[in-house]
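Quick mapping for you: the protein sequence lines, in order, are chains A and B. Each residue of the first sequence is one higher than the one before, counting from 1266 in our numbering. Each residue of the second sequence is one higher than the one before, counting from 171 in our numbering.
Possibly wrong hints are sitting among the right ones.
Think about it this way: if two alpha-carbon atoms lie no more than 20 Å apart in a straight line, the pair counts; the simulated PhoX-like pairs of lysine-lysine are [what the hints assert, rightly or not]: (1) 184/B to 220/B; (2) 184/B to 224/B; (3) 220/B to 268/B; (4) 224/B to 1434/A; (5) 227/B to 1434/A; (6) 184/B to 212/B; (7) 1487/A to 220/B; (8) 1360/A to 204/B; (9) 268/B to 215/B.
Since the hints were derived computationally from the structure, they do not count as laboratory data. Since the structure is predicted, the reported quantities are computational estimates derived from the model, not experimental observations.
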Amino acid sequence: MVNDWQPSASIETLRHRAAILAKIRQFFAAREVMEVETPSLSQASVTDPHLDTFHTRFVGPNHSQGLPLYLQTSPEYAMKRLLAAGSGSIFQLGKAFRNEESGRHHNPEFTMLEYYQVGYDEFELMSELDELMQYLLDCPASESISYQQAFITYLGFDPLAISLSDLKKHAEQRGYGDIAAIENNPDTLLQLLFCMEIEPQIGQRVPCFVYNFPASQAALAKLNPKDNRVAGRFELYYQNMELANGFNELTDAAEQRARFMQDNQLRAEMGLDAVPVDERLLAALDAGIPDCAGVAVGVDRLVMLALNKTTISEVISFDVSRA
Amino acid sequence: MANYSTNEFKGGLKIMIDGEPCSILENEMVKPGKGQAFNRVKIRKLISGKVLEKTFKSGDSVEGADVIDTDLAYLYTDGEFWHFMNNDTFEQIAADEKAVGENVKWLVENDVCTITLWNGNPIAVTPPNFVELEITETDPGLKGDTAGTGGKPATLSTGAVVRVPLFVQIGEVIKVDTRSGEYVSRVK
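Using the sequences provided together with the hints, build the complete structure.
Now the structure itself:
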């Protein structure tokens, strides 16, 4: 007899969780943002070198040899194709899947809120997300700080101007000598210092937006037209949790293709297999998507904060160990 | 010795850090949504006993430490070494002062202790959770006193000093929790 059939979250917690999901839907219904659903299984995947995708094969009519399919790590590509097709502002509440991620704040499948507001820039989106946070968490209004200022304030150096050797020295001084000795990618060192040294200091009392991420960590964001060292990417942190990642969305197909190629180059350097680029997304960008801003929000973590829980297992019905 | 990747990290795994065998106490994955994952690990250095935090890039590997725990009975000390014996094979091992450390005060003849060996050499001695020792020195207590009034210090046959209730007298044998160093009960 197995005795781990019971849920990892209490029924009481699941009731609260259901209420939070209902409030999210209300929030968007009031703003006339359409709810959509996009495939969990996709023929293309992401090139992001730090995401590891689950994959499987469809075998059936027309695919006797099997069609490779990836469980999506985020619905962003499919949702951008809807934007290109004229959907207008949209949101989705659904599962995202990421291999190799499990821990206090991670489960290999998790619930993501992804939403796009047509005609917004990242700052307008941040302000709307702030309203959503206050509505769901009953928390004070957020504050914001640029990525550059966060490093200057908390670590005393300018991340946009620092040399690799000085960056290594800072990492070493803070106890990361072993990593600094062998790591030559400045972004990895910045990410290390950011999550270990800055994150615990920001967003403790009120949610904190960090904006203007460096261009080298732009992901799917437009570069800032006034300062191309930074991109229209932001993140939201609250009480030691990364809650959201948003972009002033890149709309240029050629630039997007170049970034995918760059990712694959980095994957090769890291000894990872290249990932075929998503040609359907590139075709949609080429056809034209409206200027917009979009953000992905970790819903399980929101529920953790709302209910004062310390592990993700406590807010999902069955964590991976019981799935 | 095998290498372990960060995905194999878990409590109790023995790895080499800065040339010293260590035991992992806690392992936490820290991963930004976009960016490199790291493992923040709390470890205990097995020789110095120090507890510290260390961060690894997820996916990196660390050399394992050839550390095993073995249960051996304490025999005697010659002043320089403390001798232990495997009750099945009668094989004997001598631990030095550094390995025995503070726990010397809990060593009772014939008690089975856990000896931690690194590359075959003893680096730590862990006594049983409870030991029974005779009181060799303590102030005479007041008659009729009950436990819970603060007690008094008592010196045991090994030199250990513990707080005992006032009614406990010289010559009595008491049970002590070696993890906290606290009195548990009298032994009849």
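Now for the hints, and whether the structure bears them out:
no.: 1; hint: 184/B to 220/B; verdict: holds (14 Å)
no.: 2; hint: 184/B to 224/B; verdict: holds (14 Å)
no.: 3; hint: 220/B to 268/B; verdict: holds (14 Å)
no.: 4; hint: 224/B to 1434/A; verdict: holds (17 Å)
no.: 5; hint: 227/B to 1434/A; verdict: holds (17 Å)
no.: 6; hint: 184/B to 212/B; verdict: holds (12 Å)
no.: 7; hint: 1487/A to 220/B; verdict: violated (48 Å)
no.: 8; hint: 1360/A to 204/B; verdict: holds (17 Å)
no.: 9; hint: 268/B to 215/B; verdict: holds (14 Å)
In terms of the numbered hints stated before, the structure departs from hint 7 and from no other.
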